[in-house]
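J.: Taking the hints into account, I'd like the entire structure generated from these sequences.
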Amino acid sequence: MDHCKYACGTAEHAVSRRSFLGAAAAGVTGVLGGFTAAASARDLAKAGKRVLTIFLSGGVSQLETWDPKPNTDTGGPFRAIPTSVPGIHISELLPHTAKQMTRMAIVRGVNTAEDEHGRGAVIMLTGRRTEPGIEYPHFGAVAAKLLGTGKAELPGHIQIHPGGGGSFNKQDAAFLGPRYASVVVGDGKPPADLFRPAGLTTEADRQREELRQKLNSRFAKSRRTAMTEAYAESYDQAAKVIARGDAFDVTKEDPKLADKYGRHDFGRHLLLARRLLEHGVTFVNVQHTNYDTHHENFDFHIEQLGEFDQPFAALLDDLADRGMLDSTLVVVMSEFGRTPRINHLYGRDHWSKAWSVALAGCGLKAGSVVGKTNANGTAVTDREVNGGHLFHTYLRAVGQDPTKNFYPNDRPVPIADPKASAITEILA
Amino acid sequence: MAAPIDFKQTRVGLELKHTSPLIGCRFDPSGRYLFVSAQDDTLQRFDLLTGRKTAMLGHQSWVRGIAFSPTTAEAGPLHLSPPANGLGALALVAARPASSFTLVTGDYHGKLIWWDGAADTPAPVRTVLAHDGWCRAVAMSSDGKTVASCGNDHLVKLWSAADGKPVRTLEGHDSPVYNVAFHPTGSRLVSCDLKGVIKDWDLSTGKVVRELDAKVLHKYDTGFRADIGGARGMAFSADGATLACTGITNVSNAFAGIGNPIVVQFDWKDGKPKQLKPKEAYQGTGWGVALHPAGFTIAAGGAANGRIWFWVGDENVHKVDVPVNCHDMAVHPSGTALAIAGHNGTAIIYTMLAAATPAKK
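Residue numbers (our numbering), protein chains in the order written: chain S, 1 to 428; chain D, 1 to 361.
Source of the hints: derived by calculation from the structure; they are not laboratory data.
Don't take each hint at face value.
According to the in silico footprint, chain S covers these stretches of chain D (three or more CB under 8 Å from chain S) [as the list claims (entries may be wrong)]:
1. 35-43
2. 55-69
3. 222-235
4. 254-263
Every value quoted in this text rests on a predicted model; they were computed, and no experiment measured them.
Note that the Cβ used here is the ideal one computed from N, Cα and C, for glycine as well.
T.: Now the structure itself:
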């Protein structure tokens with residue numbers, strides 16, 4: 001496994017075919033539903049809107065990214081550098097990203113008022129604070145439902161995690177149901193045995209499948225139930241995902257392009273994300289870990305953002321080159337930011353009161369900044385927003401009306417928190 | 001008669017206050033001044049003779065590298081004295097250098113600045129952009145002719161101390177270079193990187209003669225997917241027979257700083273390392289190390305609070321608790337005192353002189 005120049009190796013974690021099939025099957029009539037012999041993936045991709053979120057796990061420092069405060073008591077050792085948009089500066093740790101500012105928007109006045117990792121993530125992923133008695137669907141599930149064509153061959157909601165195996169997060173779709181829940185691809189790798197083993201010929205595979213269907217049919221004649229039907233359907237649809245297995249294979253990408261993304265895990269994961277979006281997946285989240293830098297925040301941000309910066313810039317270039325950026329919303333988020341105060345370990349702690357989120361692409365006023373913090377970043381001084389405002393904004397950017405309702409059990413539930421509204425200043 | 005040193009009597013002599021957390025500290029070779037660097041991007045010069053504090057402005061980022069041109073004047077010991085001198089508890093008996101001395105400092109924007117360290121208000125004499133990214137350490141050769149710097153660009157660079165012109169770039173590290181030190185003979189230079197690889201460079205050829213293994217100072221934390229390591233402090237003994245490095249080892253959580261301070265000490269002749277550890281369980285990082293002419297090893301560091309450790313041979317025979325995390329440590333050139341750079345903005349000078357015994361009647 002290749003890593004960035006600082007990294008020195010982690011265990012590989014392949015997703016087994018069994019677990020992937022399990023994940024797909026769990027979607028049953030959902031995730032893979034509506035399979036058709038679709039038009040080409042590229043045509044499909046161009047037809048609609050899609051979303052890519054990059055979740056910087058642990059809480060990236062706003063001071064080392066989107067809202068630097070150099071030469072202040074909280075600023076740390078880094079400088080601010082100009083971007084491609086005159087007057088907008090970001091941290092020197094993002095030199096490649098700085099050149100992409102003409103495609104981006106930054107929200108600098110985020111106050112989510114939640115410094116705990118899990119609850120902070122819920123706010124950022126659902127646009128609401130945790131509430132007793134109800135769980136709200138995550139952004140990915142909402143996007144998959146609202147933006148999905150119903151004709152997708154691949155899951156509409158995929159998460160690429162830096163490690164671990166594959167899984168299926170039925171919880172993140174909440175009342176929308178497993179159809180829109182995420183399939184997790186561990187380490188961005190296709191299931192280890194997704195493809196037919198070399199020793200199994202096409203003919204032998206066909207005969208094997210024929211036998212399975214024969215036995216299945218015989219069983220169904222005498223003991224047909226909704227469950228057996230669901231099982232048969234999920235099997236068929238999982239098989240169709242396997243038929244599209246090349247969507248997960250980044251080795252089919254141009255090696256020069258792969259070089260631009262970076263020959264390390266995160267570069268590969270972002271490239272896979274773009275590939276999946278191009279093949280018709282509606283929503284992909286890529287997790288980059290870790291930014292929970294209570295100790296030596298500055299050294300670790302050099303290392304982590306050194307891994308983030310070039311692939312992120314390459315991604316925006318790539319999306320633009322393929323004509324996808326105008327129809328793809330890209331969001332860089334965390335569960336919160338980090339304290340302006342530098343602790344005794346050269347660290348920064350959890351901080352949700354004044355931090356930033358960056359966006360690019362679809363539906364945005366490119367090159368814009370909204371919100372402001374004070375001189376040393378300890379408070380929002382202009383256009384304070386929370387997770388609800390961001391959630392509204394994401395949906396508006398992809399052409400959806402977040403003030404509409406979902407109707408679980410025929411009960412209206414607003415798609416986005418009705419107490420918030422979109423940040424119109426950054427919408428096109 | 002030379003004042004007797006008894007490190008087991010190490011005690012606070014003087015507290016020098018600044019308003020910003022401190023990063024580094026060094027005594028000048030005459031022993032008159034203590035220079036500290038702080039998170040407000042300044043250097044501060046404390047004159048131990050007069051009590052005057054002088055801000056040195058020029059850097060625009062944090063300074064970790066501080067090095068001096070040598071002096072032939074022998075530093076006198078720091079003695080405790082009554083508070084009437086204005087310094088509170090410590091006064092200086094030291095030979096003041098006859099002429100100015102050069103101070104070279106390196107910052108996290110990769111810049112080196114040359115200063116006249118004895119000027120009334122030192123101002124930058126020369127600024128050199130030395131590294132792409134952080135310059136992490138600076139050293140001066142014993143003949144005062146060459147400055148060495150190292151940084152996050154994986155490079156070690158040599159500069160003419162006289163005019164700041166580049167002399168040679170030493171390439172070979174594959175991770176950020178945390179520290180650099182000249183061997184007292186001046187013919188060799190060592191550099192230690194993030195991964196604990198120490199390269200021993202022959203300065204006449206610019207080639208690596210050998211590598212020393214301090215990899216115990218490094219870990220890739222698979223949980224957080226990040227590296228932690230490097231020699232935070234590095235020093236030769238005055239006779240060049242021993243090299244010591246300090247940092248953090250046994251890291252279980254890089255992002256919380258859960259690990260133990262350690263000194264890795266090398267026999268220069270055969271390159272064999274030995275590990276010096278605190279006798280008692282302690283979590284934190286070693287930030288400064290020195291090999292005292294009297295034969296003992298000193299290191300300082302900390303986490304929530306600080307600590308100073310003393311070893312004789314392999315045995316940690318003494319410790320001093322410090323009320324603040326020590327981000328650096330320097331030993332006075334007379335060997336009679338040491339200073340720590342505190343996160344709370346205070347430099348604390350500890351005297352190691354044996355307390356005077358009341359005369360018998």
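J.: Decide, hint by hint, whether the structure agrees.
T.: Right, here's what the structure says about each hint:
1. A stretch counts as covered by a chain when three or more of its residues have a beta carbon under 8 Å from one of that chain; for the stretch 35-43 of chain D and chain S the count is 3, and the coverage holds.
2. Check on the stretch 55-69 of chain D: 3 of its residues sit with their Cβ under 8 Å from a Cβ of chain S, so the three-residue criterion for coverage holds.
3. Residues of the stretch 222-235 of chain D lying with their CB closer than 8 Å to a CB of chain S number 7, which satisfies the three-residue condition for coverage.
4. Under a criterion of three residues with beta carbons nearer than 8 Å to beta carbons of chain S, the stated coverage of the stretch 254-263 of chain D is upheld, 4 such residues being counted.
Every hint, counting from the list given before, is met by this structure.
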